[in-house]
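S.K.: Residue numbers (this note's numbering), protein chains in the order written: chain U, 1 to 280; chain W, 1001 to 1086.
Keep in mind the hints are simulated off the structure, nothing from the lab. Among the clues, some could well be false.
Said to hold, decoys possible - Here are the simulated lysine-lysine pairs, DSBU-like style, with alpha carbons at most 30 angstroms apart: (1) Lys280(U) / Lys45(U); (2) Lys241(U) / Lys231(U); (3) Lys190(U) / Lys45(U); (4) Lys231(U) / Lys190(U); (5) Lys1018(W) / Lys256(U); (6) Lys1018(W) / Lys45(U).
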Amino acid sequence: MATTEKQKSDVMLKYLRPQKSFPSVWCPGCGNGIVMGAFIRAVDKLGYTNDEVAMVSGIGCTSRMPVYLDFNSLHTAHGRALAFATGVKFAEPKMKVVVITGDGDALAIGGNHFIHACRRNIDITCILINNHTYGMTGGQGSPTTPADALSTTTPYGNVEKHFDPCDLAKSAGATYVARGTVYHYPQLEKIITAALEHKGFSLVEVIANCHTYYGRLNRKGDAPAMLEQFKENSITTGKAKNMEASELEGKFVIGKIHEDAVKSEFCDEYQKLVEVQKGK
Amino acid sequence: MSDANQDSQQAAPKKKNKHDFSENNLPLNINLSWCKACNICIALCPQQIFEPDRDGRPIQTRPADCTQCTICWVHCPDFCITSTVK
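So that you can see chain U by itself, here it is in the shape it has in the complex (with noise of 0.2 angstroms):
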């Protein structure tokens, strides 16, 4: 875990692209820094090569994170980062995807390859950063946009409800469902590393902070406050369960939310169709 572990610099700067000019593009602060140190840790700890991993990506602030990384990696049309990628797994099952994508992207632009990915089951891990606001094109309202909440497309306040999509993914059938913050480090390490190592769909929902946007409009304040919110209003998932759904309002229930181990996965069955076919 990383709070035993010393991490040097060069464990960021094995994965980092050298020809990229650092720092980011990304606003002072933004969580999605801490996530792709999360997610460059976990590959680290579990040994992958950069070979071995395929990143995919769509459109938006959290889109830019494979052009950072030195991964095999595909930026691809907006919304449509989990149909490319269901077509790299499935021409290179031996290979690691993971796609990258924020909840405007996923959710909305998205949502149905989103939830007949979660329907295939198939082996990759979608780690999707939840802002709750499109970050890149000036704050608009997103699908995860809470009720009440202001933002450019709803300056007085959100009237529609946001989506769940933690929830989504488990009734749409994918396999391991967890969900982080930016703030709890250690859990959201351990949680990715999870769902690498997990064969089927894996989905990492992770809330994380525009405050440059949803954090200005909602007088979140800056990056540090909105940190400490999150630590505020997270709830494990061994709390949750003896809670009212009236208490939880608000709430963030963070942990693995959902696992199944016996549900089998589709480049599998599609491999065992093949040999069934050869034999006749």
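Starting from the known structure of chain U, fit chain W onto it as the hints suggest.
M.R.: Here is chain W on its own, set in the frame of chain U:
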């Protein structure tokens, strides 16, 4: 029995951590050319070893208090902070 008591009395007072950090032996390397002055390390440090400089970037003003708890460098979004302990 009496020897054991004497030994425990003569033992040095318990140190805050196992490292001897000072102004000349800083606990952390901070890559200021990558730092965007987001203040996360300054706000989250449990020992409050940092203070912001004129541009809001961290300076280690109380290096002796650092316990190498890893909070600052895992929460740094720009990978600026690394430990000097090998």
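S.K.: Each hint should be assessed against the structure and marked as holding or not.
M.R.: Cross-check of the supplied hints:
1. With a CA separation close to 44 angstroms, the supplied pair Lys280(U) and Lys45(U) exceeds the 30 angstroms bound.
2. With a C-alpha separation of about 19 angstroms, the suggested pair Lys241(U) and Lys231(U) falls inside the 30 angstroms cut-off, and the hint holds.
3. About 10 angstroms separates the Cα atoms of Lys190(U) and Lys45(U), which keeps this hinted pair within 30 angstroms; it holds.
4. Between Lys231(U) and Lys190(U) the CA atoms are separated by roughly 17 angstroms; this keeps the pair inside 30 angstroms, and the hint holds.
5. Simply put, Lys1018(W) and Lys256(U) have alpha-carbon atoms about 35 angstroms apart, too far for the 30 angstroms limit, and the pair is violated.
6. Among the hinted pairs, Lys1018(W) with Lys45(U) is consistent with the structure: their alpha-carbon atoms are about 26 angstroms apart, no more than 30 angstroms.
The structure shown violates the earlier hints numbered 1 and 5.
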